[in-house]
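Undergrad: Counting from 5, one number per residue, gives the positions in the sequence shown under our numbering.
Hints listed in this document are in silico derivations from the structure and should not be mistaken for laboratory results. These figures come from a predicted structure and were not determined experimentally. Worth double-checking, as some hints may not be accurate.
Here are the computed distance ranges between Cβ atoms for each label pair [said to hold, decoys possible]:
#1 Ser-48 x Pro-162: 11 to 21 Å
#2 Asp-50 x Met-130: 12 to 22 Å
#3 Gly-174 x Ile-207: 14 to 24 Å
With a cut-off of at most 25 Å between alpha-carbon atoms, the simulated DMTMM-like pairs for lysine to aspartate or glutamate come out as follows [unchecked claim]:
#4 Lys-114 x Asp-75
#5 Lys-190 x Asp-102
#6 Lys-117 x Glu-179
#7 Lys-190 x Glu-118
#8 Lys-190 x Glu-176
Idealized CB from N, CA, C, for every residue including glycine.
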Amino acid sequence: MSASMPLSAFLLPSFQFVPSIPSDPAAVESFIKAFVLPSKLHKSYDTFSPAQRELLLRQPEGQRDFPQARDVNEILVLICGHGGRDERCGTLGPLLRDEFEEKLERQNIKVMKEAPDHIEEQQAGMPTARVGTISHIGGHKWAGNVIIYIPPSFTDHPLAGKGIWYGRVGPEHVEGIVSQTIIDGKVTKDLFRGGIDRSGEIIRL
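Produce the complete structure using the sequences and hints provided.
TA: Here it is in structure tokens:
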């Protein structure tokens with residue numbers, strides 16, 4: 005029996021990418037403890053014992069077991085393409101993906117389709133992006149649902165280190181989103197559903 009393929013994960017809004025996570029349960033649990041658990045708990049956990057709270061907190065020292073982890077330096081455009089519960093996102097998702105890829109390339113932003121550990125173009129100063137369809141993110145009635153993450157390394161960008169969530173996006177909106185939000189850093193209020201910054205703080209307009 006062949007070994008299972010390793011997993012990979014983009015961690016947002018912390019803007020980290022872990023390229024190789026063994027798929028056995030113990031390794032996945034180690035990854036969750038090292039990267040995914042919260043660094044502090046809500047006050048509702050104050051009634052738990054110190055030992056219980058400790059089990060629920062992130063153990064960052066475990067990140068040493070994943071030495072290939074890196075910062076995310078590419079623009080991420082994540083589009084709900086889940087059609088299992090409601091066909092609206094399942095229908096619009098692939099259309100929006102293709103439209104974003106075309107409009108980004110037209111603006112000289114290279115759309116990366118190789119494995120995420122290929123980052124040579126970004127390191128050379130050429131802006132890059134990844135566009136992907138993802139599972140349900142809430143509210144099929146808001147289809148198309150799109151979340152745009154601008155990496156912190158874009159230091160001159162007004163939305164650096166932030167994720168902006170748009171709803172009711174159609175193909176006709178994509179060119180404006182690319183030029184106004186991804187390039188100029190301006191939020192389109194009519195489409196805005198919410199946002200988050202790197203610290204986890206909610207963005208409101």
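Undergrad: Now, for every hint given, state plainly whether the structure supports it.
TA: Quick rundown of the hints versus the structure:
A hinted range of 11 to 21 Å is violated for the C-beta pair Ser-48 and Pro-162, which are about 35 Å apart. In this structure the hint that Asp-50 and Met-130 lie 12 to 22 Å apart at CB is violated, the actual value being about 49 Å. Range check, Gly-174 to Ile-207: Cβ separation about 23 Å, and the 14 to 24 Å hint holds. A hinted pair counts as satisfied when its Cα atoms are at most 25 Å apart, and Lys-114 with Asp-75 qualifies at roughly 18 Å.
With a CA separation close to 22 Å, the supplied pair Lys-190 and Asp-102 stays within the 25 Å bound. Distance check on the hinted pair: Lys-117 and Glu-179 sit about 20 Å apart at the alpha-carbon level, within 25 Å; holds. The hinted pair formed by Lys-190 and Glu-118 fails the criterion: a straight-line CA distance of about 29 Å is larger than 25 Å. Proposed proximity of Lys-190 and Glu-176 is supported: the alpha carbons are some 18 Å apart, at most 25 Å.
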